[in-house]
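For the record, the sequence lines run as chains W and Y. Using my numbering, read the first sequence as starting at 2 and increasing by one per residue. Using my numbering, read the second sequence as starting at -18 and increasing by one per residue.
These aren't lab readings, by the way, just hints derived from the structure by calculation. For clarity, every value in this text was computed on a predicted model and none was experimentally measured. Heads up, some of the hints might be wrong.
Pulled a few chain W residues facing chain Y out of the computed Cβ check, cut under 8 Å [stated by the list, open to error]:
#1 Thr628
#2 Asn668
#3 Val672
#4 Ala675
#5 Gln680
#6 Asn681
#7 Leu685
#8 Asp686
#9 Arg688
#10 Val691
#11 Ser693
#12 Asp694
#13 Pro696
#14 Ser747
#15 Pro748
#16 Pro749
Even for Gly, the Cβ is constructed at its ideal location relative to N, Cα and C.
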Amino acid sequence: MSSAIGTEDLKIVGSRPLRPDGVDKVTGRARYGADVSLPGQLIGKVLRSPHPHARILAIDTSLALALPGVKAVVTRDDFPDMPDEYAAAGELTINYRDVTRNMMAREKVLYDGHPVAAVAAISESVAREALKLIKVDYQVLPHVIDVREAMRPDAPLLHEAQYTEGVSPKPDKPSNIAKRLEFSRGDVAAGFARAEVIVEREFNTQPVHQGYIEPQACLASTTEDGQVELWTSTQGHFMFRAQCAKLLQMEVSRIRVTPTEIGGGFGGKNNIYNEPLAIVLSRKSHRPVKMVMSREEVFRATGPTSGGNVKVRLGATKDGRITAAFAELNFQAGAYPGSSVAPASMCAFTRYDLDNVRVIGHDVTCNRPKVAAYRAPGAPIAAFAVESAIDELAGKLAIDPIEFRLKNAAREGTQTYYGPKLGTIGYVETLEAARAHPHYRAPLGPDQGRGVATGFWFNIGGETSATVNINEDGTVALMHGTLDVAGGSRAAMAMMVAEELGIPFEQVRPIVGDTAVLGFNFITAGSRGTFAGGMACVTAARQAIDRLRTRVAAIREVPVEAVIWKDGQARPAEGSAIRFEPMSLAQIARLAGKTGGTIAGHAEINAQGAGPGFGTHIVDVAVDRETGAIRVLRYTAVQDVGRAIHPAYVEGQLQGGVAQGIGWALNEEYVYGADGVLQNPGFLDYRIPVASDLPYIDTVLVEVPNPNHPYGVRGCGEVPIIAPLAAIANAVSHALGIRLCDLPLSPPRVARAIADRPA
Amino acid sequence: MSELRYEAPKTLAEAVALLSGAKGRARVLAGGTDLLIQMRTGRIQPELLVDIKAVPELGEIVAGNGGYRIGAAVTGMQLIEHADFAKRWPGVVDGVRLIGSLQVKGRATVGGNLCNASPAADSVPALIAAGAVARIVGPHGAREAAVETVVVGPGKTSLAVGEIVTSLLLPPRPLRSGDAYLRFTPRSEMDIAVVGAGVNLTLDAQGICTQARVALGAVASRALLVPAAAAALIGTKVDAAALARLAAAARDACSPIDDKRGSREFRLRTAGVMVCRAAGIALERARRNDG
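The following block holds chain Y by itself, in its conformation from the complex (with noise of 0.2 Å):
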């Protein structure tokens, strides 16, 4: 049986040394609600855990030039408690708030939902339609990467050995904007999505579709940006021609499993209707986000 050793550093640095000196074998805790499963199950057995949650900037929401920088540590509770954030992310929000229980997400971090790698996890299709980019510290300084390139695949990441997720960094939001996240479960919550949509779209003065991004998750190993079915909705006024187009662009980027959760056909036809019906709610809200 081995050891396991668990260290709480109060700076970066120290974080991304312990994480590169471990060779491999160390994991990053944030909330842990997904960590601390995993190795209870002996999914992995990990022999150092580095708790970020004492590193200060981690745990920060700043606003700044017209935008957001969350810390990686940031609680979900946390985000979904910050008014202003919530106002102009209601989309982002929609994906947080759906994660696990009121008692999980009092301790899962949205960084973690990312850097987890769950292909349904639920606000990175969100995180992926808002434009959010992933700012990255590791033994060799600091990158960004755009969020839909940090998942590869179920349960892995672009991250080098030593890299640690910082931070996401939400982009300025202009007028007559809005976002907006559904996903499909059987169960009304404390489910898994068999689906999940994510939509961000702009509106011009005519109310014409300036702007969009469309994301799909549950539906590919990881979490897709859909170019194809963002382009079905710019230039229209997201009218049912263009959700049209929008629903059979989404089906077309799916490559689902069959699996416990759902039939591929069954993802296919709800990832659809849910993009739709996402659109829909987007918006709504970039209309009454007129100034």
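Just chain W, same shape as in the assembly (with noise of 0.2 Å):
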């Protein structure tokens, strides 16, 4: 998109309004999902397998349905299968014939809390008891659940259909591995044989969940003529309908969602669950249906993001240039094929600018919930690994670890190994900021240490709507289709909107619109909001600008040309010799109804030219030898945002994927028994940090703008996330002089690694 505005003449974009949204989020007053409500409804619950890998031979929901109370019961019965159908779900592709499968079991259960069955009753302690009254008749199965362990060929297969993809000839037996890729660029071998040091480590981390504080719920009311009203808790109501109607094969105009306000999503809510249930509990109940999750069942069947075992050799020349890069990701997808093992692969290495590359992926499935994405899905994974390495090899050549990676730093026009060459980015912006931070030269107390990382991420654009519609007094009311995820992305398109209209920013008040009332929108993944919607907003924004303009012409009886839109105002055009009398926006709105109706401004695009990411982060740890106990005592995110339409809310953007980040590094991990269960279903044993771990979060924030934008808009929302584990890895090795790579580093591995540490 064209017409890119310089800074200088900025009047709200870059200012720091409150969010429209924050009042009421701050007294209660916003609807969540679970707080939506309709007269009659229902409460669904659903049963879940207790078992990791288990054949189902029977389900009997008789004694159930007999209970008084119970209005329906559903099981794989009702739902039709599907085959084999790819869709893009947020960065993931999704397989319609395993969607429908993991939101209801058809001839195995994979993992421990796979749905087999979900009733409706008038209370859920009914609902509860019925599900008591299901009887299922289990044939248990071997499981798997460590993913090195998943990719012997002795391993308890999970599908017996599944051959490996991406291996040629195909493979004679199933397997566990769904796929193997492979990206590659010039002579790698040729490239380790220049060099005259090379790093070679093996990492691996657990699988960690999106940890939103909300968990999921939907409330779902269809009619007798077949019409489906839902209410649910997404990151994209308009693919939530396509999912519906594509599982439960109906017309899509049959479906209206509206999104509730979201408790957080993390692409944890990129994908349906209990809606497609509760759809069906209510048809064959005639009653509305409410399903909200516990958050037991949040982490025993929703997300979390892989777990990963990754092997990476780096070699360099002595003066510090890296000759080659190697790397093999396997990736835990779960019960299901589809983990983020392809943009993991693709953005490994794309921080430097190489000439030798080779990555292998392989996606295994094993007897964990399907994963689902998570704030720059995989990447965090491969640069941990690389990343890590690279500070290694930094150590080894005695090259100061930014001066490292300034050195092989990518920039405009660098070939990446994956496809296309990087436009206009801010990578060595971000390097060169951090090397010049106070931060980077504070000192040290004793068992302390410092680590750098760096972060890349492709971020998106996509379909995107948004209506402008001018109100009778001037001011503005915004609908858009983009979810604001509560990043504040909605604060961002009212403010740019209310830039190009020159007007103040509490004049226009953003709304998001369901799904009957705007055309179809991309989920909000791949930090696209501020970047497609705003783009969408501005669209629609200089659509309406365009018809006030034609509106004021007539009025005044002049060349449209003649008119130009400036400071809120229709306005003679400088240096034009037409003159007339210019007219507000206020006056515009208060005659449009007697001179041709109502003035609004519509967009629907597919937002192209997303400007990839970069960010490179310091912190600073101490560490407890006696405990292993570490505590991140600085912390300084540096990242090039393109520009920060809301400043404040995109420091807070990298404030919580540092955050995330160091609950990845520090505890967060799933603990299943030898029985192949969750021991750890709930926040109390699933450690995220809370605010006591964690310290001021600074922020730099380097605008390098994205041409494509018109305000310059990158996304910012998951590189964040990317550095912080390994750059905790790096203070952690140096604070020790112990190499860490198993992550997480909580303290009974640390302690460990101290013990075990060679004399």
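Now that you have both chains on their own, put them together as the hints suggest.
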């Protein structure tokens, strides 16, 4: 999109007004998924598998149906089977054959918590009682939890007809390795032959949950003529509509989805879970059905992101130029194929300008919940391995780690190993800003260490729509279809519209439109909210401005070319001989009804040209050598954000991503027993950091504008979670003089590494 | 589905009568921060809840005879904010401070923290180290029991049907006494102890330890009083050699399990570390508390 705007003229973009949704949220008025209710609603509850792997021999629901107060029961028999059919859902691809099996098991259950039946009853206690009356005959099968074990030829097999894709000739035996992929550029063998120093390491990370505070919640109402209304907490109501229509073989127009406020998603609310169950339970019971997950259900059956096993090999010359890079990424997909190994493979080395690269990825099924996207899906896992190896290589070469990265940094025009050349990017600028930051030179105490790491993420655009309605008093109702997943994008979109129209920010009221009032919008994923949503809002505002100019030209009886829009007014064009009395937005709006009708602007676009994001992080840690406990002392996140529309919310994105990355690095992990049952499905024993675990997270916004966006926006929400894992591991490694390659760096693991250190 | 009855008696006698009459299907409700969660997850399904917060004496903090009586329904925050109690028993307050969040401590009671019978309860090792005694009232009258005898295993107490812990009695405090409680958790708060250590000691004018009590939490099926660990301190200046013996005695007393919260090996190692650090803080407080 052209007509970029220079910073000098900006009045609203770059300021820090209060968010439009702020008062509702801090006073408790905001309505989240579980806050929506309808008269006569039933409560739906899901029966879940107690086994990690079993064949379902029979399901008997007759006793549950006979319980007073139970109005409907659904099992696999209530949903059509689906063939293989792939669709995009955020940054990951889904297969409807698997989606229908994940929401309701068909032949087998594949993880502890896999749904096998659902009931709708007059109360939650009746629904719970009914679940106990459903009899499921299972043939329990051997299971496999760990990714490396799942890859072995003798591992228990989840999918008997799954042959590894991407291997030729086609293997003669099925495997848990669903797919092998490879990216390659140059001659890696020759590159390593030229290397004077080589680092080779193997890294492991655990699956981690997105950890949103609001559990999934939805309410469905199906009418007797087959119309469905659905309220749900989602990152993409149009996508949920599409998925429900496909899974239930309905026309899209029969489903209207209204998104509620969302209490966090981070990729975990890109996909349906209970929504189709609620719709069918409502259809069968003729009553609205509400389904709210417990935290235990969230942990057992939603998310997480993959755990990964990553092998890295890096070679360099003594003067610090990387000659070859190799990585093998083995990612847990959970119960069904489709991990983030592809994007992870593509961003493993993309921060560097490399001639010789080879990356192999494996997508591996195992008896865990099917993974979902999580903030820059897969990138933190790859970056943990690669940035740890880079740090070690810099150490071996006795080159400052930032200097070493600068020597090899990707710049505009760098050829990637997965396809495109990089456009205008700000990686070098983030490295230089980090190097210049006082944090980088601050003294460290005993048992303290400093780590540096960097991150890259693609960012995306996609289908987006918006409407700018000029109200009769000249205020504006902005309807956008790109959900604000709580990062503040609705404030940013309203700010851009106010900037375009030349009116105060407070006069633009942004509202999320439901699926019936706007054209299709892709999910809020890939850091596209403010980039693509903003682009649509600006386009709609400019269309409204064109119509305002046309209207004024008609009222003043002048040619439209003689009318410009400036500072909230239609005015004579500068230098034009045609003069007329300017009209403000409010004046035009008041007359609009009598002069041709209300004025609005619309945009239905497929946003192109998302600018990639890069970040450089610095962290200091202290290690308690007696207990293995790590304290994060100081954190600085530097990121190229293109241009910060609302700097406070951009800083909040950086801080939130870092906080989640610190949790991933230090304590978060799923604990499975030998029986394959999840032992820590709650926030007490699944340890996301609390406020007192975190230092103040300092941020530095580097602004290298994205030339493809009218205000220079780059997505900024995902990049900040990529670097923390490696930055912290590097800091701990420096504090202890031991390279730690397995996450989380929990006290028992660190204490053991200290105890096992060779004397 | 069973019905749930709620009663809030105004007297102890009524409360005991209600509990005795329910034949073990009743639960005492104080702060409810453990009980309600157990009910919601379906772990327990009581038929009667006896809310003891309306019994006046259970909500009192009373100083007397040099010691203190804390009503079983006194909340964590009431105790933390009681300046004189906090000055005399900083180690007990250390333990109470670690219970849940600020909001949880506004409801949760010290009596409940004891009677919930978690091996990892944070106030319990501190109370044991302090030499606290539980006053218990039941259908057959009143009795007193050392705090370390109240819990017998995870979720199990030595209370008979109908018995209620009504208060906790803290003994008089000699000069040059100090106590401390420390726990190890992976998170800085909102977590559950992997190891907890309470140390209470008294020094003579020369700085020699004359009395000591040491208690450990989360390293066995219940919080433990460890006399051998106390013996390692008595007669010493709580120097490095004494601390090494303290750590060894503490480790010997542990019988931890491997579970999701920590390995046996990690708990053993960390128990020694925590008990020495707690002894160091208790020593510092005793030295300052010289009248």
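Hints, verified against the model:
{"no.": "1", "hint": "Thr628", "result": "6 Å, holds"}
{"no.": "2", "hint": "Asn668", "result": "5 Å, holds"}
{"no.": "3", "hint": "Val672", "result": "4 Å, holds"}
{"no.": "4", "hint": "Ala675", "result": "11 Å, violated"}
{"no.": "5", "hint": "Gln680", "result": "5 Å, holds"}
{"no.": "6", "hint": "Asn681", "result": "5 Å, holds"}
{"no.": "7", "hint": "Leu685", "result": "6 Å, holds"}
{"no.": "8", "hint": "Asp686", "result": "5 Å, holds"}
{"no.": "9", "hint": "Arg688", "result": "5 Å, holds"}
{"no.": "10", "hint": "Val691", "result": "5 Å, holds"}
{"no.": "11", "hint": "Ser693", "result": "4 Å, holds"}
{"no.": "12", "hint": "Asp694", "result": "5 Å, holds"}
{"no.": "13", "hint": "Pro696", "result": "11 Å, violated"}
{"no.": "14", "hint": "Ser747", "result": "6 Å, holds"}
{"no.": "15", "hint": "Pro748", "result": "6 Å, holds"}
{"no.": "16", "hint": "Pro749", "result": "4 Å, holds"}
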